[in-house]
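Student: Those protein sequences? They're chains A and B, same order as listed.
No gaps in the numbering here: position 100 of the first sequence is 100 in the numbering used here, and each next residue is one more.
No gaps in the numbering here: position 54 of the second sequence is 54 in the numbering used here, and each next residue is one more.
Zero decoy hints are in this set.
Okay, the calculated beta carbon distance ranges per label pair:
no.	chain 1	residue 1	chain 2	residue 2	range
1	A	D368	B	G172	38 to 44 Å
2	B	L392	A	E189	48 to 54 Å
3	A	L448	B	G350	44 to 50 Å
4	A	D362	B	T89	34 to 40 Å
5	B	G385	A	R233	49 to 55 Å
6	A	K290	B	P81	47 to 53 Å
7	A	D368	B	L255	54 to 60 Å
Stretch-level coverage of chain B by chain A, calculated; a stretch enters the list once three of its residues show a Cβ under 8 Å from a Cβ in chain A:
no.	segment
8	35-47
9	51-59
10	133-140
11	155-169
Because the hints were derived from the structure by calculation, they are not lab data.
All residues carry an ideal CB built from backbone N, CA and C; glycine is no exception.
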Amino acid sequence: MLARLAELTLAALAQWTGWPAFRRAVFVVLGVLAVTAGAKALFPDRLSLPLPTPDSKPSHGAPLTYDAALARADQTLAGVRPLAAAHPDEWLPQERLAHAWIARARLTGSFDDFAAAQAALDQGFAHAARATGPHLAQAALDLSLHRLAHAEVMLDAIGRYAVPPERDDADEVAGMRGDIAFYRGRYAEALKLYGGDRDAAGGAAFRRAVYEGKTGRIDAALASLDAVERASRFPTAQSLASLELQRGGLELQRGAWDQATVHFAKAERLFPGYWLAQAHSAQMLALGGKRPEAIVRLATIARRSGAPEAMDALAALYRADGDYPNSKLWSDRAGAIWERRLQQIPEAAWGHAVEHYLAFGDPARALDLARRDYAARPYGASAVALAWAEIANNHPAEALRILKPLEGGPYVSADQHVAAAQAHLLLGQDAAAQAARKAALALNPHSLDPDGALIWFGH
Amino acid sequence: MRARLWLLIMAFVAMAWPAAAHLTPNSEVRLDFARDSVTAEVLIPLGELGYALGRPIAARPGPAPPELGAYILQHMAVRTPDGRPWTLTPRAVRIVADAGGPDLIAQVEMRPPSGASLRRFDFTYSGVIDRVRNHFVLVLVRTDYAGGQLSEDPRLLGGLQWGARTLHVDRGAGSAWRGFGSAIGLGMRHIAEGHDHLLFLLALLLPAPLIARDRRWREYGGLRYTARRLLGVVTAFTIGHSLTLLGGAFLGWRLPAQPVEVLIAVSILISAVHAWRPMFAGREPVVAMGFGLVHGLAFATVIGHFGLDPWRKAQSILGFNLGIELVQLAVVAAVMPALILLARTRSYPGVRTLAAAFTATAATAWIAERTLGVENPIGRAIDEGLAHGPWLLAALVAGTVLAVLADRPQKITPPTV
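One chain only, chain A, in its complex shape (with noise of 0.2 Å):
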């Protein structure tokens, strides 16, 4: 049998070899020409050749240092209030303020400056004529907020505009609809909305990024990041650290701890003094094993930044070390200040307190906030984080209920799997919870790290 198949073989190359040189040739290169269409088209994001992953040079023209640009941030809030008191009734001084703010806002994480932002645009729409206004600023600060409904009702009154926005303006106001359908977890709305034009660059690529890297395409949401950055030619200190912690969230996501330190590690040193950086790197010190050195970095930034999440992460470190006083001090203090923000603005503080009601707190509490927080952003990871509010509260079952429709849906993290496998386990379904702790292990090897309690920045 293998001689006839032998033999059946060697006729076919004579015959080919028999063949003129011409027709070979038109054969072979028809030939690479198809299999390569074949798969390209089967595999689209494997068979591009790399680029280079960009490595851009912080402009001058903008603040090198942490410390620099919140100098720079109050000074222009200097020059942008008295303009703003000096035109109470006029909405584009207000707006400008506003705007003023809310760069602030995102250097400090703080709400107070948020609310300031939204004082200025109060103030801006109180006296905008009927159809005008700061609607797209009010938009971006909504999303920002978490208040899609009423960022829905700003972008819809742009679309009353009796003068067409500009096409950047227009892109801009696709793209929030964009965010608004994901976080309303209409996935496939979203990503239409973003564009599907896979070489775009700026704002839609951004987008597409953080979008794939929700959606479990990893490597797909790094090109996307390297897109934006290639594209961009004056790039602020403070906007590379921002997309380096964006590549070591991804990288985070999948259990590549190695090569998300890197990434912090750079946007400690692209931007220097940056406590979000700062605290991505101390956590990262924790997860290496040196847990004392992380505690003590780890207090310095909670104590200069103010930021609760800091505080929660230092006192998860203690806990991690059952030291109950320090932790509690920590987690104390954390509490104070998200009860404070959950006053000032409850959407935006939802989701992020209850992490911290979860690990330090009231279970029914949390389970109260994430149970807003869900009903306001319907989309996967308000969905796990109300089923883990469910499991705290001894209510594995309802947990699994709110899980189910993330299977098999776009929404990928391993979280969700460990928090079926945790309801699984409660409920005494070994089969299961081990599948759900192997789907979880499969998409971050460090998924059920006992250390993975330590993770609070970047996740």
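Chain A is fixed; fit chain B onto it per the hints.
Tutor: Just chain B now, with coordinates in the frame of chain A:
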């Protein structure tokens, strides 16, 4: 546009995603059911225990401070379904440190009141979860001979947490037969999933149909010759591993796991060389028995883990051995017909040499892995390949058919006139 893009990026970073919960390390309670008592092994991550107690606990491996034993007893209660308390006696409380972090491990013997069933009770436990609301306690059955639970993987019963501190345990009516059946299953799984044991056996089977002469494997020795040699090898291996299994389980014969595992890999390497060139032709049963002794030490650690009483241990060993023999016989029955047919063909020397080379490669990879304690890609690839046993058997059968057909005398057709 550029400014807006960067604002967008910074917006996503500054208002990062709402995160998920932070899964803290769970506590575990592992139950071992004996004839007249149940032992609960309680494992608490030391960090979580310190957090619950309000003070850190030094992670010094060794016996734990006595107050931690008292803490466990204060937070555990077992009652019959009609409310009568069980007697709890602490046995050993120690601190261990491994890659997962330091843990407190406490063993508590639990005895029911007279006349009460050992297999139905309400287990209440509130360690850590009375103070820490996002801590969980998993309750598992590790050994329940009468319930047929005899496995290296504990079976989950349920979870406890803040607000849910009692678990009703009902293991149903137990029987010795269920335990015996479970032991047979364990033995079957152990040998079927233990690629090294199987490969050792296969390496011994490879030259079984052949006669050795002048330090070479020569012609096929016939069916009776092959059967006699097979019986000798399999019986000797069984006697060898049974002896050390009994010694390990009852007399505490122990060797550290690492040298035993390395020795097993060495035995496979030697068998592979023997399959290529006869090293101990005619004395295979003696060598198989010697290596059986080594393999038996590894089997003993499996049974030794279960902490059974002597009677159940004896039953388990019998069942475990029976399981091993059943799989061995199944392997011999599946492989030998093909090998006997192959041994009569011209292809067999090549097939045997290839199989011996593969076995030697696997053994060398395992020796390296087990000596250095580090996985290597060859070992991993071989393990993955051997996991597809049925396909390998199908390939052997197909190859045998091809080899037999190729050896058929060619029919010469007379030329037509």
